[in-house]
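Asker: Chain by chain, the residues run as shown.
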Amino acid sequence: MAESDALDDTGRREFLVKVTSVVGGAGAAAACLPFVASMNPSADLLAKANTEVDLSGIPEGGMHTVAWQGKPVFVLHRSEEQIKAMNLSNGGLDPEPDKQRVKQPEWLVVIGVCTHMGCVPNKEGPGWTCHCHGSQYDDSGRILRGPAPKNLEVPPYRFVAANKIIIGQA
Amino acid sequence: MANKIIQWIDRRFPLTSFVKHELTGYPTPRNLSYWWNFGFLAGIVLTLQVVTGIFLAMHYKPDASVAFDSIQHIMRDVNYGWLLRFMHSTGASAFFLVIYIHMARTLYYGSYRAPRELMWWTGQGLLLLLMATAFMGYLLPWGQMSFWGATVITNLFRATPFIGDQVVVWLRGDYAVGDDTLTRFFALHYLFPFLIIAGVVVHLVALHTVRSSNPSGIDLADKDNIPFHPYFTSKDFFGLGVFLIAYFTVVFFFPHSMIEAENNIPANPMVTPNHIVPEWYFLPFYAILRSVPNMVGGVAAMFLSVMIFAFMPFLDRSRIPGGARYRPVYRVLFFIFMLDILVLGYVGYYPPTSQTIAIGQVATFYYFGSFLLLPFISKAEDQWLFKKGLPPNIIALIESEAIEKRILPQRRRRGDIT
Chain A
1 MAESDALDDT GRREFLVKVT SVVGGAGAAA ACLPFVASMN PSADLLAKAN TEVDLSGIPE
61 GGMHTVAWQG KPVFVLHRSE EQIKAMNLSN GGLDPEPDKQ RVKQPEWLVV IGVCTHMGCV
121 PNKEGPGWTC HCHGSQYDDS GRILRGPAPK NLEVPPYRFV AANKIIIGQA
Chain B
1001 MANKIIQWID RRFPLTSFVK HELTGYPTPR NLSYWWNFGF LAGIVLTLQV VTGIFLAMHY
1061 KPDASVAFDS IQHIMRDVNY GWLLRFMHST GASAFFLVIY IHMARTLYYG SYRAPRELMW
1121 WTGQGLLLLL MATAFMGYLL PWGQMSFWGA TVITNLFRAT PFIGDQVVVW LRGDYAVGDD
1181 TLTRFFALHY LFPFLIIAGV VVHLVALHTV RSSNPSGIDL ADKDNIPFHP YFTSKDFFGL
1241 GVFLIAYFTV VFFFPHSMIE AENNIPANPM VTPNHIVPEW YFLPFYAILR SVPNMVGGVA
1301 AMFLSVMIFA FMPFLDRSRI PGGARYRPVY RVLFFIFMLD ILVLGYVGYY PPTSQTIAIG
1361 QVATFYYFGS FLLLPFISKA EDQWLFKKGL PPNIIALIES EAIEKRILPQ RRRRGDIT
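Sequence order for the protein chains is A and B. For the first sequence, the residue numbers in the numbering used here are 1 to 170. For the second sequence, the residue numbers in the numbering used here are 1001 to 1418.
Hints in this document: simulated from the structure, not taken from any laboratory. Cβ atoms here follow ideal geometry from the backbone N, Cα and C, with glycine treated the same way. Errors might be hidden in some of the hints.
Covered, in the sense of this in silico footprint (three residues per stretch, anywhere, with C-beta under 8 Å from a C-beta of chain A), are these stretches of chain B [claimed, not checked]:
#1 1141-1154
#2 1262-1273
#3 1284-1296
#4 1399-1405
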């Protein structure tokens, strides 16, 4: 009779155990998702993702540090000599032409976070020096020496007026 | 009356037999030195940290806008708040000191060897939990060193393959260390000690299965074991007295020696202090991180420098019991390794110059080299010692223990011992 057949058929039982385990495991994994996602930046933080900067107050050769997404952004008003000097080389450890790092050559906008361990480099002489581990950047934010592997990151930004940029919008 | 209550409980729960087996009558090798106090002391420091931490949490506010001020509130306004905080901040250092001595004892006397591998590995897990707890706790005062320490360490996770940047943002809950980071670190800093307590229970269950090691390295049979109480309760409590004198000397007279001056400045995400240093207990590992010129390589080396201890049961191929005591080469290696860790700590403390980087790289090579060469050195030493002949007292010990082990089952069958 069918009943005794079913009792002898361990294959069916093993199949059910496997399917239940897979479905149960998938359910448990899916249940983790909201918990993991809750640790990502919240909606109000994302809403504050743009920063507007008025450039008119920055003299030639001067630099302002503005906060964008909680991180410092360096806005450097470069002089003719600085632009010329930066166009002469492609940087050091992470070569990149200066032209690709700026929208207008007199304005350099880079995230002021050392690509090594995340310290804020200091403006010293030409370029920046990171005091945490000794990385050195030039006036295009390109890495010259030190443990940092990459150039200072250029954030997405655009000119909304001749004297105004929005950081966070490309 | 008390007897009746205990009898009532014993019929429902193995209270008396548990206390007798695991505490008062627990058989302990009679030759334990004071180096065997540090497991007990670690338990005491854990308790101190949990108790002071819970009372601090009644006054602390894990919100970036008020966290720094709430520490000032604890220090100035809360009754004995200064004592709670100084006990907690000093206790963190005391915890690492005790644990490092506990580990050094294990390495010196070879206590990690069979059958105690699980003791060593659960201890390794506890060390990682302790490091994570200490690191997250350090962010809570929200000073400059807190903030930049957390920034640098969470940045290490950028070395995660493929999803590094997302992992860092996920850990912080923000694009930079911020309010969300602080709040979650507080939640986890409160949780982890309880995971540590659970880990300690596993560590102790394993201990009571394999029993304590001892300076001779030989598993002493029952004739050389004595009950834990009163012999080792008194010895442990004497050690506790010495420990508490040292601990409270720091708490009362030098509490700021454990707090970086820079941390009395509120966190400022726009300015990094010129000289970021981790707490002393992370310095050797930090030096290894800085010694590797490549970022991912540095993070991997630092992670490995902590985890490599777990391989000790496999790396040590000697058959001679007793760790360094009867093994002159291993003893020399042990002391040079300790010196190497001090050199790394020194290098980690000072800002990177070409000189400290060079010293750090040599010390890092030695650090990993002493682990990687250990299988060959211990094997060669083993053969040399057997050829030379072991000292007569250790041969006598090994033999007497072997005899004891042979007659133990007979005595057990006869019912002499249970």
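Asker: Next, verify each hint and record whether it holds.
Answerer: Now the hints, each set against the structure:
1. Judged by the Cβ-Cβ criterion of 8 Å, the region 1141-1154 of chain B is covered by chain A as claimed, because 4 of its residues qualify and three suffice.
2. Given a C-beta distance limit of less than 8 Å, the hint that chain A covers the region 1262-1273 of chain B holds, as 5 residues qualify and 3 suffice.
3. With 4 residues having a beta carbon nearer than 8 Å to a beta carbon of chain A, the region 1284-1296 of chain B meets the requirement of three or more and the stated coverage holds.
4. Interface restraint, the region 1399-1405 of chain B with chain A: violated (0 residues with C-beta to C-beta distance below 8 Å; minimum three).
Hint 4 from the earlier list is the only one contradicted by this structure; the remaining hints agree with it.
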